[in-house]
Structure formats: structure tokens, C-alpha cells
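Here is how the chains run, residue by residue.
Number of protein chains: 2
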Amino acid sequence: MSRCLIKKEEVQAFIVRCMTAVGTKQHHAQSLAEVLVEGDHRGHYSHGLNRMDMYVKDIKSGICAKDGEPELEKESAATALVDGKNLLGPVVGNFCMNMAIKKAKEVGVGWVVAHGSNHYGIAGHYALLALKENMIGMSFTNTSPLVVPTRGKECTLGTNPISVAAPADNGDSFVLDMATSAVALGKVELHERRGDPIPVGWGCDADGNMTIDPKRVLSGGGLVPIGGSEATGGYKGYGLGMMVEIFCGILAGAKYSKNVRTWKVTDRVADLGQCFVAINPENFAPGFNGRMTELLGIHRGMDPADPHCPVLAAGDPERMNMKKCDDMGGIPYHINVVNYMNECAQKIGVSELLPCDKIISN
Amino acid sequence: MSRCLIKKEEVQAFIVRCMTAVGTKQHHAQSLAEVLVEGDHRGHYSHGLNRMDMYVKDIKSGICAKDGEPELEKESAATALVDGKNLLGPVVGNFCMNMAIKKAKEVGVGWVVAHGSNHYGIAGHYALLALKENMIGMSFTNTSPLVVPTRGKECTLGTNPISVAAPADNGDSFVLDMATSAVALGKVELHERRGDPIPVGWGCDADGNMTIDPKRVLSGGGLVPIGGSEATGGYKGYGLGMMVEIFCGILAGAKYSKNVRTWKVTDRVADLGQCFVAINPENFAPGFNGRMTELLGIHRGMDPADPHCPVLAAGDPERMNMKKCDDMGGIPYHINVVNYMNECAQKIGVSELLPCDKIISN
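Residue numbers (the working numbering), protein chains in the order written: chain A, 1104 to 1465; chain B, 1104 to 1465.
A hint or two may mislead.
Pairs count within a copy or across copies, as identical chains cannot be separated in the list.
Claimed, not checked - Here are the computed lysine-lysine pairs in the DSS-like style, where the Cα-Cα straight-line distance is at most 25 Å: (1) Lys-1461 - Lys-1163; (2) Lys-1426 - Lys-1110; (3) Lys-1205 - Lys-1427; (4) Lys-1188 - Lys-1235; (5) Lys-1177 - Lys-1208; (6) Lys-1461 - Lys-1111; (7) Lys-1128 - Lys-1290; (8) Lys-1205 - Lys-1177; (9) Lys-1318 - Lys-1128; (10) Lys-1367 - Lys-1205; (11) Lys-1163 - Lys-1205; (12) Lys-1163 - Lys-1367; (13) Lys-1450 - Lys-1205; (14) Lys-1163 - Lys-1426; (15) Lys-1160 - Lys-1461; (16) Lys-1318 - Lys-1169; (17) Lys-1111 - Lys-1361.
Note that these hints are calculated values from the structure, not bench results.
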């Protein structure tokens, strides 16, 4: 597989050029570019540059607003309700999370929800903002229905992610960023493309039966919640997906459950609901970071079942990926993705394209 | 199986008699009795009367404090840190949750954590307190290490439950109350007693390998996080278990991870950490309850995969169990449990025992 190494700054600048070419405000484009490149840097390519054309299309078609700023609708010392004004998800997300952090500085916790939002990239981005202030951060979003609840046979919930970040000493941290489905749709698509079966517990067919055939999951079936079948605790993942929906669509008064628009169909505004929480450890027992460091150390230092697979803490795989990128001096992208994005750019009149001169192979 | 029907009030009064007989304050005994009987009423027998002897023993041995009240250590408009003073878990839990609700009435959210606590019964009890005020309630506790993290072979996390309750119209609600392990230890013990194998994804052996032999799970192995193996997303359950530990032991400055005392070994004080959150929907978009009703209806009204197994919402199985009890006019207990508890009562000088004259069979 040929891959092409590109500096973070170059990818960001390219995304900004493309987004502004279709009319996005400079600082909105900048917010989006940062979140997408962060997704790639952390190794979550499904939420990075790869999705730029979706955002370009949303702005170009007018289904996502290019003008305005999020508006505060209701506020208390610890809470806020925000109207995202149908702006790009990262614009809404940064606005809300910064507000949550400000409230947590004042009263120890900030709980901010938004309606009228759009796809906001990796949920982890917003939780990570809180780490910079030595706070616990949380972020949740509802998404298009792709998950079949336990005992059901219709998709009524999105992959509804949960992200929680907590600071330890010396810049170390715990960063959980997970869908409440067993796996992401992209993983099932990848297995289908390769002709491989999927493990039991990833998805079900149109009759609601667990299947190992990715085709059945993708045509009329759906992903299943974390935990898989009812016998192995799938109803817990279903409950967590509902919890995210309650914090997002229901609390914010946005679209929710099967009323969220179909994935990849952009016939109407998304009106997603999102939830952002900051918690200030200073309001609780002294020595939080030290205890976090010990908690992480207990797990990372544990004798692993397989000597070749060390026990990790949430966020470690991403940290390793970022280090790998930084050591190489850039993010490796599949050449097809780079070529495709450059074609998209040319179509909208952007001439300064992504460089693809640094080919690496692995 | 012979079972014995006993009125809720009779069970509560019996627990109060036993707890006060060993020196528990009347209102502390009352708090414990309510939580335990609520556990049974909701169908979670593992967290009810069945555990009364553990609490009696804790008070009798002095390992759990019988005197004093929880103390507020630090406070802001939205947060509080509480010292549970080693009192019974329900005494600490009710104190904290009521405080969280009070704060949520004032500033929209209350986030209260306690150290120095003990087993608090079903996590759901505290989340349910918020429902009475038409609020979202959440409750978390750390527990004795019984769960092996993904890739590990040592128990470093408890079954660390998450409970989230949210009100709908006309007294209806969503009530999630789940361990972050795939199943409870009791389920594995039950399979061992019956000589049945367990499904893959419930537990692992002492080498950290997934096993279907309950004996191996119980002797040196452990439960695994929701999601089961790494391939089916067990690292997500592991991350959620850590999240609960961060909200409880780490934020509150209580014992945490493998430093929490061993399950059923009461050689030292528990010093559990617990976290209680209330969120007032009135601070967010109007019409919360109506949307909750629709969300629940979408799921309950869905065409099920198996016509005999309707799709449920979190809290529905418990609601059905409570209705069944109420229709019968009491809670059905296994006769062995009633006899055992009556023996315990006699040993501590309690003469008014549980009535076991209403035998039912099913």
C-alpha cells in the first residue's frame, strides 16, 4: 500500500483553502480543519481528511450554514443551552466546550448542550479541550440511525459516541473516545470490501439476527450496541446509546432517534444534539492528577496475558499513533485519499493542492 | 422452588429491627432497609435482603461506623465533596444525592462525590431520587476488584455500576442501572452451582483467556468488561469501568482500583468512592418529558425480531417485576433466604421474625 506523508500544517491549510473556497468563514474553516487533522493524527482516519468532501458539499449546497455564530439561548452558573444555528459541528462544539470550561472554573462543573448542530468530527476533540485546563472533559453527540436496539430489527439509534478525558501528572491523561455500538460502520464496510466475515457481535441482519456476513449488516440490517447479543449484555450498550440520545437530542431539543436524517443523505438540515461537560478536579479532593497517574500506572504496568500485547489505558493507542506521526514528520495518508481530495479541490477552484511527493511504504 | 410472599413493609421493618439490634441508628437502618427492599422489589435480589447479614456484620464488627452523619468538606454552587464518615452506603448516598438535587434546582446541575463510603445497594436507587423532582439522576460507585482489564490477567476494577434515570410523561421513565462488567459475579456463581458452562464473553481464567468454565472465572480469573474480548469491543467496557473509577475513587480521594478491599473480606474499612449527579431539564430545551415519552415509545413500539420478546427500554424489566409483586401483594423470596435471615436475626436477639406463612410456588 502506497502512502504519502503530509505535514499536519499542510493538511490543515489545504482543508481551510477548500472550505473557504465554497464560502466558509475563515475561522470556521480553521476550526473544522483542526478537528479533522486531529482525527487523522490520532489514527482515526474515518473522522479526518477523508470526510472533507462531505463538509464541502454541505456548505456548497447550503444545507449547512456558512454565516453566523452559535447563540446562547438559556444560561445558569453551571449550564447553558446553545442554538448551533446549523453551523459546522466544530464551530458549535468549540463554542459549547469553551463555555462549559468557563463555568467549571467558576462553579466546578459546566454542562452545555446544543441543538442545531452538525457532524463535529471526533468526540474526543472537545473532551481534550478540558485537559488543557487540567479538567475532566466529556462530549457526546447523537448521529444518524445505524444501530439496532436489543430485540429489535430497525435502526433507531446512532453510534452515539461518549468521550471522557481526565488529566494525570506531566501531561499524561486518560482519553476514552468510543462509539456505543460494538464497532464503527467503517469496520464492517472494510470487511465487506475484503470479502471477510465479521465476528459475531458486530452487527445483525434485517430480521434482527446476529450475522457474520457484513453484506447483511449493510443492506437492511445494522450495527448492534456494545455487548453484542442480549445474552452477552448488549442491552447495556443499548442503554448507553439511549443515555447519549437523552443528553443530546432530548435535552437539547434537537432531532433524535430515528428522526435524525439518514446517514449520508443530506436532503434536510441535520439538527444534531450535542452535550459538553467540564468538571474541575479542584472542587473535589486534592491530589487528583497524582491519583490518575497511579491508576494509569496500575494498568499499564500490569503483567499482560500475552507478553506481546501490553495492557493499555484509553488514549494510549492514539498517543502511540501521534508519536509515530511526529517521528516521521507528518501524517501518512493513502495515496488514493490524497488524489481524491485533490480532485475535489480542483473542482471547487482550489489550485494549491496537497503535496504527494513523500511516498512511504509499509 | 418454594417461595414465600412477604409484604415490602414487613421486610423493611425486619431489616430495621436487625440493624438497630446491633446498634445502628434508627434512621440509618431505615435508609438501608428502603434501598435493600427496593432492590428486591425491582427484581435485583443480589442487592436486597439477601445481603442484610453483610451489613449486620459490618456494623457489629465496627468496621462500618454506626454513629455520626456525613460531612460536607468542600462546596460550590454546583459541586460538593462529602466525607461519608464510614457510615452505611445508603446514608451517604441519600445525603449526597439530595444535595445534588438541591444544587440542580438552583443552578441546573449538581455534582457531588463522597469518599469514606460503604456498599450502597442498587445504584439505581439514587438516580431514582432525582426522578421524583423531575430531574435526570446519575449515580456511580467503585467496588471491590472483580474485573480483569482488556489484555490483562489481574482484577483491577470493580463491577463499577452506572445508573442514569430520566423522567418521561405520566410517571414513565428511562432507568439504566448496569455494571460495567459483562455480567454480575452472581450470574457466574449461579452457573457454577448448576454445573452449566457460561457464554463466551462473561469471564476469563487466571491467564486472562476467555473461558466458558465458571470455576476458572471464580478461582483466580475474573469477570471481563462489557463487550467481552478485545475483538468484540471489550476495551470499551474497560474504559467505562475506568471512567466510573475516575468519577468515584479518584475524584473523591477514596480507595481505588486494586487498592479497594477484596470482595467479602472486611479486614479494613471500605472507603469507597461514589458520585451523584442531578441535572434539571428545565435549564435546557422546553418539553423534555414529552420527547422522552416519544423516545421510549419509538423503542417499545418497534416490531421485535422475535414476536414473543418485545423491545424494552432500560427500567422496563424492573417495572414489570414491581407490578408483578404489587399484584401478588408482596415480594416473593426463596424460602432458604428467609430461613437464613431469620436465623441471623435470632443470633442477634431479634425475636419478631419474617413471616413465612404465605408459600407460593412457580
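Given identical chains, is Lys-1205 near Lys-1177, meaning Cα to Cα at most 25 Å, within a copy, between copies, both, or neither?
Classified as both: same-chain Cα gap 15 Å, cross-chain 20 Å, threshold 25 Å.
Is it within, between, both or neither when you check Lys-1205 against Lys-1427 at 25 Å Cα-Cα?
Neither. Shortest intra-copy (34 Å) and inter-copy (49 Å) distances fail the 25 Å Cα cut-off.
Within, between, both or neither: how does the pair Lys-1450, Lys-1205 come out at a Cα-Cα threshold of 25 Å?
neither (41 Å within a copy, 57 Å between copies)
Is it within a copy, between copies, both, or neither that the alpha carbon of Lys-1160 lies no farther than 25 Å from that of Lys-1461?
neither (29 Å within a copy, 70 Å between copies)
When Cα atoms must be at most 25 Å apart, do Lys-1163 and Lys-1426 count as within-copy, between-copy, both, or neither?
neither (36 Å within a copy, 55 Å between copies)
Could you place Lys-1111 and Lys-1361 in one of the four classes (within, between, both, neither) given a Cα distance threshold of 25 Å?
Answer is neither; intra-copy 37 Å and inter-copy 40 Å both fail.
Go through the copies and call it for Lys-1461 and Lys-1111: within, between, both or neither, with a Cα cutoff of 25 Å.
within (14 Å within a copy, 73 Å between copies)
With identical chains treated as interchangeable, where does the CA-CA distance between Lys-1318 and Lys-1169 reach 25 Å or less: within a copy, between copies, both, or neither?
neither (37 Å within a copy, 61 Å between copies)
Checking Lys-1163 and Lys-1205: alpha-carbon separation at most 25 Å within a copy, between copies, both or neither?
Answer is neither: 34 Å inside a copy and 48 Å across each miss the 25 Å cutoff.
With identical chains treated as interchangeable, where does the CA-CA distance between Lys-1461 and Lys-1163 reach 25 Å or less: within a copy, between copies, both, or neither?
neither (31 Å within a copy, 73 Å between copies)
Tell me, please, which holds for Lys-1426 and Lys-1110 at an alpha-carbon limit of 25 Å: within, between, both or neither?
within (13 Å within a copy, 62 Å between copies)
Measure nothing new, just compare the shortest in-copy and cross-copy C-alpha distances for Lys-1163 and Lys-1367 to 25 Å and report within, between, both or neither.
within (15 Å within a copy, 63 Å between copies)
Checked against the numbered hints given earlier, the structure breaks hints 1, 3, 4, 7, 9, 10, 11, 13, 14, 15, 16, 17 and satisfies all the rest.
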